[in-house]
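So you can see what is in the structure, the chains are spelled out below.
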Amino acid sequence: MNRRNFLKTGLGAAAVGALPMSLVEIAWGAKDEERFTFAYISDSHITHVRGNEFVRNWDRGLIRAVAECNLLDPRPDFVVYGGDIAQLGKPEEIDHGLEILSGLRDKVYYVMGEHDYYVDLGDYWRKRLGPDWYAFDHKGVHFIVLNSILTYSEWTHKKWESGMARMKEMARLDNPNGSPFMVGEEQRKWLAQDLAKVDRDTPIVVCSHSPLQKIYKGWNFWTEDAEEIHKLLAPFKKVTVIYGHVHQIQYNQIGNISFYAVMATAWPWPYPNTYALAESHLPKLTVPMNRADPFFERDATGWQLIDVHSGRVDTHYFLPDNTNRSVVFDEKRGHPVDTRYQAVAARIPPQQHY
Amino acid sequence: MNVSRSTGWMAATAAALWLGLGQADEFTQEDLQRWNQEFMEVVKEGDRLFHGGFPSKNTVSCDQCHPNATNTHPETYPKFQKQLGEVVPMWRMINWCIENPLESEPLPADDPRMTALQAYIHWERRGAKLEPGKH
Numbered sequence: 001m002n003r004r005n006f007l008k009t010g011l012g013a014a015a016v017g018a019l020p021m022s023l024v025e026i027a028w029g030a031k032d033e034e035r036f037t038f039a040y041i042s043d044s045h046i047t048h049v050r051g052n053e054f055v056r057n058w059d060r061g062l063i064r065a066v067a068e069c070n071l072l073d074p075r076p077d078f079v080v081y082g083g084d085i086a087q088l089g090k091p092e093e094i095d096h097g098l099e100i101l102s103g104l105r106d107k108v109y110y111v112m113g114e115h116d117y118y119v120d121l122g123d124y125w126r127k128r129l130g131p132d133w134y135a136f137d138h139k140g141v142h143f144i145v146l147n148s149i150l151t152y153s154e155w156t157h158k159k160w161e162s163g164m165a166r167m168k169e170m171a172r173l174d175n176p177n178g179s180p181f182m183v184g185e186e187q188r189k190w191l192a193q194d195l196a197k198v199d200r201d202t203p204i205v206v207c208s209h210s211p212l213q214k215i216y217k218g219w220n221f222w223t224e225d226a227e228e229i230h231k232l233l234a235p236f237k238k239v240t241v242i243y244g245h246v247h248q249i250q251y252n253q254i255g256n257i258s259f260y261a262v263m264a265t266a267w268p269w270p271y272p273n274t275y276a277l278a279e280s281h282l283p284k285l286t287v288p289m290n291r292a293d294p295f296f297e298r299d300a301t302g303w304q305l306i307d308v309h310s311g312r313v314d315t316h317y318f319l320p321d322n323t324n325r326s327v328v329f330d331e332k333r334g335h336p337v338d339t340r341y342q343a344v345a346a347r348i349p350p351q352q353h354y
Numbered sequence: 001m002n003v004s005r006s007t008g009w010m011a012a013t014a015a016a017l018w019l020g021l022g023q024a025d026e027f028t029q030e031d032l033q034r035w036n037q038e039f040m041e042v043v044k045e046g047d048r049l050f051h052g053g054f055p056s057k058n059t060v061s062c063d064q065c066h067p068n069a070t071n072t073h074p075e076t077y078p079k080f081q082k083q084l085g086e087v088v089p090m091w092r093m094i095n096w097c098i099e100n101p102l103e104s105e106p107l108p109a110d111d112p113r114m115t116a117l118q119a120y121i122h123w124e125r126r127g128a129k130l131e132p133g134k135h
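Chains H and P supply the protein sequences, listed in that same order.
The first sequence runs 1 to 354 under our numbering.
The second sequence runs 1 to 135 under our numbering.
The shape of chain P in the complex, shown without the other chains (with noise of 0.2 Å):
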């Protein structure tokens, strides 16, 4: 065995484990608390959003059909929708609804707002196991 080789080897694991001790793996309840209110305000602005903050060209809002986001069921997305004809993520059926009873303009798929509007969705449907497929 070549000494030097096995040394360096070793060295760099050992770089490679401090270095891990510092920047993975370990977080606090200050990180926590953070990473909650991160979401709980991308959460918020998707609540508001959905009560008339969407700039909807009729002013017709998500909430009115759909208070406390009832009846959107994102526990069963992607599920095949018969009037798409395929299988769609949940965003896919949000823009069904801003474009059909909203009369308004889709989102891109990675749009912040589409993001609030499922984190949102989401947090009203929380403890629902989840049942993809489902009708």
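Chain H on its own, in the form it takes in the complex (with noise of 0.2 Å):
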């Protein structure tokens, strides 16, 4: 079987299972073996409630991602995680979301969360996984991975009473004494150096947390130097960013730039022009993901499988309780574009939100 058979026979039967993650594809040259998949699994938000109990709701969307990432078959080539696997940073929560992650038959590369970082700034993360910044390459695409939801070091360096009173004013999304993400002057600074040594013609994908574009600020659906980041991306030709944070679909284009929100496994989040008070800047290319129905308690969360080809992106919902949606970069029309629901007459009733 090649690979696009693969993903026809692999995506059907994987929307029978109605599996709960995204699947990216990328396909880089005109050779199939340079096509490869990678799967997204993002914000789980493992939370530690007393003892050894867990909130049981956002283990079992983790769990699910997992079991259902390891039935693809043939295998993607690695797994990335968009940040977000604890929900306070405590040393509980990422141990425990790490032991339901080493259920992964694939190598696992990390992204740090916001939820991960501001009780300890990110001692235990990195102590557990490494560095919160770094490069790869794999099948002739560069891969970046970056911390982008740091912030205004008067911010983080306040006279908190504790970490844990500084990762509570963090965590909670919509709070009025939070302080917006950023990449930071150091990271640009590593950034530059390392596309300097890229060739313009090698396809750039670029995994962070937050947006790495200005959505909405309130929520922190946003980062502070996105353009910053754009103009050091602007001299390549194919440059995807994939981010978590959301919880919900999103894709846009900037000038050279895809993106690509991820779900999270845990919980949905309504999209940030829902309410009523504020504005926000939601791109317009994007077709909502269905509002969530409460009452099934994985509805509009899920995972993702990547489709690489000729160094653009392909990416794959899945989406319990849900139709899977693919979102696909359109060569024509220079963009991403839902395969089934762009058109604003193939849309249906619960992607309106209000």
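If you are wondering where the hints come from, they were derived from the structure by calculation, not from laboratory data.
All figures in this text were calculated on a predicted structure; none of them were measured in a lab.
Distance condition first, Cα-Cα at most 20 Å in a straight line; then the derived PhoX-like pairs of lysine-lysine:
| id | chain 1 | residue 1 | chain 2 | residue 2 |
| --- | --- | --- | --- | --- |
| 1 | H | Lys168 | P | Lys44 |
| 2 | H | Lys168 | P | Lys57 |
| 3 | P | Lys57 | H | Lys90 |
| 4 | H | Lys231 | H | Lys197 |
Grab the two chains, each in its own frame, and use the hints to assemble them into the complex.
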């Protein structure tokens, strides 16, 4: 079976199982063997209650994504975990999350989320998983992992009562006393040096936790220095950014950069334009995911399979209790499109959010 | 016409008017301020309960799924909830959330905490037009 057939039959089988993850497919180069896939799991928010008790609902989301990811055949080349393993960054939460993730049969690359970071500024996460920003190459594609959830040091180093007090402030999405996410100068300098070594024709895939674009500041669907990152990426022909944090389907095209958000395994978030008292800049391209039905606890959660081809990314969303979605890069139009729902006439009532 | 009866009636009316002027209809800027303050204190309490202040048995809080109380749609209640099998007011759905995602004990309909949660949810949705029954 060649790769293309696998995707057809593989995705068909997956649809029957209604898997909760995002599968990303990247095909690079003309040759079929240069096409590859990786899986993307994100935002599990494992929550410690007391003793050895964790929030069951969030555990179940991650357990399901891991189980379904392991059923993919042929194997994805690797898995990316998009950040927020933990809810409050407690060692118990990170350990419990990593124990569940240890069931994955593939190598996992980790991205730092704010829920992993603000209690101890990422010390325990790094102790378990290594550096929080790095780059690697895979089958002709240059991957960059950024820690995009840093913020102004005046906020980070305020006189907090404790690390946990700081974490609880940042963990609250709609907190008016929060602080905007950013990549920061040190990492931007490293990124510039890293990119200087890369040929302009090499496809780039950036994995971050926050969107690397500005959607809604009130919920930190936002990266303060997004434009500066875009400038660094501007010389490259094919650039894709994949991000977590928003717990919903989003996709966008800004200049040469295609953006895809991935689903959470834990719970969905409303789209920011549903907040009657604020303005948001939800990308116009985005056809929203279905409104969540709270009576089905896995509804509007998911995971992804990413298919990489010709240096472009197709994102297949595995959505339990919902029809799976595929958002693919359209060469003719030069931006990502949903394969089924992009046309206004093709949209369905649950995609209307208010 | 019985004169004494008529005089009695007029006196009673005058007394009622006099009492009325002192006790109803007229209100001042101070009254408005006080009523608003009373309301906003309940909104504030609802905000606190909504953001982790509710004694949730599994630590999960309302705002985790509903930042700024979005996707709660108070303007659409009462409405038919397929899974409950009937038309319900909003407090029934709040209790559903308390019992399921929060794995905690439901509140009586007239519990001050239930009032506070609804005050906060409505406050965040102010300006939205009423659309009872909408999905």
